[in-house]
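A.B. asks: Take the given structure of chain A and dock chain B to it, following the hints.
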Amino acid sequence: MNHAEIVKKIKERFPEEILWFVCFRDECSITVKKEKIKEILGYLKNTPGLDFDYLIDITAVDYLGFREPRFDVVYHLQSIKHRHRIRIKAQVPEQGCCIDSVTDIWATANWFERECFDMFGIQFIGHPDLRRILMPEDWNGFPLRKDYPVRSDLGDKEWEAYKELKEAAKAWKENAEQS
Amino acid sequence: MQNRVKTVKELVVNMGPQHPATHGVLRLILELEGEVIRKCTPYIGYLHRGVEKLSEDLTYVQSLPLTDRLDYLSSMVNNVGFCIAVEKLVGINVPERAKFIRTMMSEMARICSHLVWIATHALDIGAMTVFLYAMRDRESLLELFEMVTGARLTVSYPRVGGVRCDVDNEFLDKLYKFTEEFPGKVEEYETLIDRNRVWLKRTKGVGVITAEEAINWGLTGPTLRGSGVYYDVRKFFPYDAYDKVEFEVPVGKNGDIYDRYRCRMLEFRQSAKIIKQCIEKLPEGPILAENALRIRMPESPLKIDKKDIIFEIYTEDKQIQEFIQKFTEVYASVEAPRGELGFYIVCDSSSKPYRMRVRAPSFVHAGVLPKLCEGSLVADVIANIGSIDIVLGECDR
Chain A
316 MNHAEIVKKI KERFPEEILW FVCFRDECSI TVKKEKIKEI LGYLKNTPGL
366 DFDYLIDITA VDYLGFREPR FDVVYHLQSI KHRHRIRIKA QVPEQGCCID
416 SVTDIWATAN WFERECFDMF GIQFIGHPDL RRILMPEDWN GFPLRKDYPV
466 RSDLGDKEWE AYKELKEAAK AWKENAEQS
Chain B
-16 MQNRVKTVKE LVVNMGPQHP ATHGVLRLIL ELEGEVIRKC TPYIGYLHRG
34 VEKLSEDLTY VQSLPLTDRL DYLSSMVNNV GFCIAVEKLV GINVPERAKF
84 IRTMMSEMAR ICSHLVWIAT HALDIGAMTV FLYAMRDRES LLELFEMVTG
134 ARLTVSYPRV GGVRCDVDNE FLDKLYKFTE EFPGKVEEYE TLIDRNRVWL
184 KRTKGVGVIT AEEAINWGLT GPTLRGSGVY YDVRKFFPYD AYDKVEFEVP
234 VGKNGDIYDR YRCRMLEFRQ SAKIIKQCIE KLPEGPILAE NALRIRMPES
284 PLKIDKKDII FEIYTEDKQI QEFIQKFTEV YASVEAPRGE LGFYIVCDSS
334 SKPYRMRVRA PSFVHAGVLP KLCEGSLVAD VIANIGSIDI VLGECDR
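Here the protein sequences come in this chain order: A and B.
Residue 316 is where the first sequence starts when you use the numbering used here, and the numbers rise one by one after that.
Residue -16 is where the second sequence starts when you use the numbering used here, and the numbers rise one by one after that.
Same shape as in the complex, but just chain B:
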């Protein structure tokens, strides 16, 4: 038999769109040289439903259920973000009780979302058991969601001006019990993977992002904080009741996958702490503002309080002045589990948004994949995708 000489050739591999480890429908074209990635090109848009265009044809309240379908793992936070943007636009003051309920629910959604993240991320890297543990605990939270909202995943619970219905004592008792038990369960996950040699080898020193890079690439959320940058919308621009509860924002140091994992694990405990405080401090009172937008919103002009509008024009044009009076715009953002979720709404005083823009954290994070993956090994692609925590429904909108 002849001896065959093996040479390393460049190979182009198509990964996705239907691949269990890409967390949705993400397609990556990887140009390999042996085991090393020379070039990585992501293709997105497989879940593009045109939420931004659709909402231009719906009233403000009708657009609310569309936001559920953005990041379907934490639909509550999307709803809250949208409501806050519209409230800011119209000038609605939300009652205190509603604010606390929203904060509580947002943190529940954060725990839910992080649980799915730890489950799938660990599964991708090869730790099977955590998946089962995390899903067990997520189930109890989803049941709590169901108790109040009637839905498990796409809740549509907040309203523009408050929340849909009040919480009862049974729910609060169960939730309080959950927050008591939950930190112990987080420790359970940690005993499963934190001293696991395979886990450490696959996360420590892999996919490193420096602080300057993270800011330049526009990362937010735990992905940014893992690199040691202190930025959290909840602390910088507080919304709802976040300025009335005490919590810390965990920040990493090295910016590798392990630090991002640590940040999220610490966020679990902080979220439980916030929920606990919300239950303890929950004030009595109404849950919906008096001037809240009605569900059957009439297609008449929106009453916007334009008292605090200040403008200065440097060109002499009457039309411009009318234009400024007609179009008002706001940008409001919330700290979603994945990062900063922003809503930019341009309003032409009608009952439908003239333009609604969703600033999705997953979109930005998917954009840094080429920079993260190039030069690393094929096996680390999966770890990298997991660590930046993207949901493609939000990425494509």
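One chain only, chain A, in its complex shape:
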């Protein structure tokens, strides 16, 4: 099934939800509203002819200053049977930064959504275990947001947690020498 047919089929089923679609370099991406994302993805997975049974990737993009709503949550889907791919993008605003979790449709979404939360601070409603995954659990801020600096803004100052760690190591060393 080619992209035009796929888009047509989704458009018929969810006429209100789709905002626009773009085809570039033979790749089709459909931008949708976030409210019914779970239904849309479930429909894509279970409809004969579409059969998007494989979730390749979930990630997010921050369009700070370029567009409202600020974030896009990007789903890459693929059908192993029909050998086609599609990209679904759901818009998530900064206020009320949340979207439904798809962990009960694909188990692989679990870690992808955790990473998304870790890096962008997007809450996934219904996720069984939404914790930070790559960054330490006590980290402040969300690194992949555009307003998070690439280079450290500490300057000559030392990172607080590092200071604590050094003190703890010093105390431990003194303790070990005494005994």
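Keep in mind the hints are simulated off the structure, nothing from the lab.
Quick reminder that beta carbons are idealized off the backbone N, C-alpha and C, glycines included.
Incorrect hints may have been included.
Just a few of them, taken from the derived set where beta-carbon distance is under 7 Å, the chain B residues facing chain A [what the hints assert, rightly or not]:
| id | residue |
| --- | --- |
| 1 | 182 |
| 2 | 295 |
| 3 | 307 |
| 4 | 311 |
For each label pair, taking beta carbons as the anchor points, the in silico distance ranges come out as [claimed, not checked]:
| id | chain 1 | residue 1 | chain 2 | residue 2 | range |
| --- | --- | --- | --- | --- | --- |
| 5 | A | 487 | B | 115 | 38 to 48 Å |
| 6 | B | 306 | A | 447 | 23 to 33 Å |
| 7 | B | 252 | A | 473 | 15 to 25 Å |
| 8 | B | 129 | A | 455 | 39 to 49 Å |
| 9 | B | 45 | A | 382 | 19 to 29 Å |
| 10 | A | 350 | B | 236 | 35 to 45 Å |
| 11 | B | 40 | A | 408 | 18 to 28 Å |
| 12 | B | 45 | A | 363 | 44 to 54 Å |
C.D. replies: Below, chain B without anything else, positioned relative to chain A:
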């Protein structure tokens, strides 16, 4: 003396981050009941270097060496994956010769990576000898890499639009000789472990993944194919010269550790076959496209061919139209030794990527460890980690 009554208590064991059998810095918290694992929680992120964030501050070409450091056992495939994504974005047609060289090099990297896998996996389970044999053969491949690229591990050899330098006849002769000898060496490994009773007992029927589970868990590469699902990026969405060479994709049946091992062993032979065909079919011609991105890429807008862009908007908003024209995005994936390695690039027409996302197979595979380990024995954790073949550098990025 009093008789002590022994009771089985729940015990929490911390495995890693510095543990030789976790293939990097992976930490597992295992809740045990005797020898049986009740709960397994992986902690990752010890190697997180923020490659995705860093590349937003570098030009496209400068980001290339960062991709070496993802999966450091097969850096060539990472480079190729990144280059293909950028080429797709900008619209560069790579010359045929460069395509064949890349295919050849990718398969060399695959053999290298699988050799490290068989070496360490067998070592973990208790077969020492294979390690030495595999490292010996890897050495000869690394020497070949060094001949062309000047580096053994982090090669940075492909360029956006081709490859850095041409291969010479001496290299091709040596490589051809290697491919002639290599299938015999694979048989050597097999005689060492395939009839080894300990090996069979520890792999057959252990860590079984069914086909439905494998798809639902998002596995790729030999880990997926071991469960009997036919999916290979090289066949489904051919890139480089993979549509011009003949090869088969080995598929397992039972989905246990042994089948995953068999898949990789068969891939060895297929890779050697592909390299051989590449050498035989290697065309003459340039190795770099004319509109390839230069190393000293100026910080001026990137010229992207946007002719084939089609869009339809269902809301009446001028801003949205400008937004669509400004941001273009591509997703390109390659079959890395561990599975599908994808690069998703969002471009705002400047010389730096607006967002670069790496879809790392190891990240997905590390995520299925709890499901694989829960209910199995402690000793099988090591076998399971080895069989899904993760590299933590790629997992944490």
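A.B. asks: In this structure, is the beta-carbon distance linking residue 45 of chain B and residue 363 of chain A contained in 44 to 54 Å?
C.D. replies: About 46 Å separates the Cβ atoms of residue 45 of chain B and residue 363 of chain A, which means 44 to 54 Å holds.
A.B. asks: With a cut-off of 7 Å, does the beta carbon of residue 182 of chain B approach a beta carbon of chain A closely enough for the hint to hold?
C.D. replies: violated (30 Å)
A.B. asks: Does the beta carbon distance between residue 252 of chain B and residue 473 of chain A stay inside 15 to 25 Å, or does it fall outside?
C.D. replies: Cβ of residue 252 of chain B to Cβ of residue 473 of chain A: about 55 Å, so the range 15 to 25 Å is violated.
A.B. asks: Is the hinted range of 19 to 29 Å satisfied by the C-beta distance from residue 45 of chain B to residue 382 of chain A?
C.D. replies: Given range 19 to 29 Å: holds, Cβ gap about 27 Å.
A.B. asks: Can you tell me whether the CB distance of residue 350 of chain A to residue 236 of chain B sits inside 35 to 45 Å?
C.D. replies: holds (43 Å)
A.B. asks: Quick check on a hinted range of 18 to 28 Å for residue 40 of chain B and residue 408 of chain A, using CB atoms only.
C.D. replies: holds (26 Å)
A.B. asks: Cβ-Cβ distance between residue 129 of chain B and residue 455 of chain A: within 39 to 49 Å?
C.D. replies: 44 Å Cβ-Cβ, so the 39 to 49 Å window holds.
A.B. asks: Interface hint check: residue 311 of chain B, Cβ to nearest Cβ on chain A, cutoff 7 Å. Holds or violated?
C.D. replies: holds (6 Å)
A.B. asks: Range first: 23 to 33 Å. Now tell me if the beta carbons of residue 306 of chain B and residue 447 of chain A are that far apart.
C.D. replies: Given about 31 Å between the Cβ atoms, the range holds.
A.B. asks: Go ahead and decide if the range 38 to 48 Å is satisfied by the Cβ distance of residue 487 of chain A to residue 115 of chain B.
C.D. replies: At 40 Å between Cβs, range holds.
A.B. asks: Classify the hint on residue 295 of chain B as holds or violated, based on whether any CB of chain A lies nearer than 7 Å to its CB.
C.D. replies: Because about 6 Å separates residue 295 of chain B from the closest Cβ in chain A, which is inside the 7 Å limit, the hint holds.
A.B. asks: Would the hint on residue 307 of chain B stand, with a C-beta cut-off of 7 Å toward chain A?
C.D. replies: Status holds, d = 6 Å.
The earlier numbered hints that this structure contradicts are 1 and 7.
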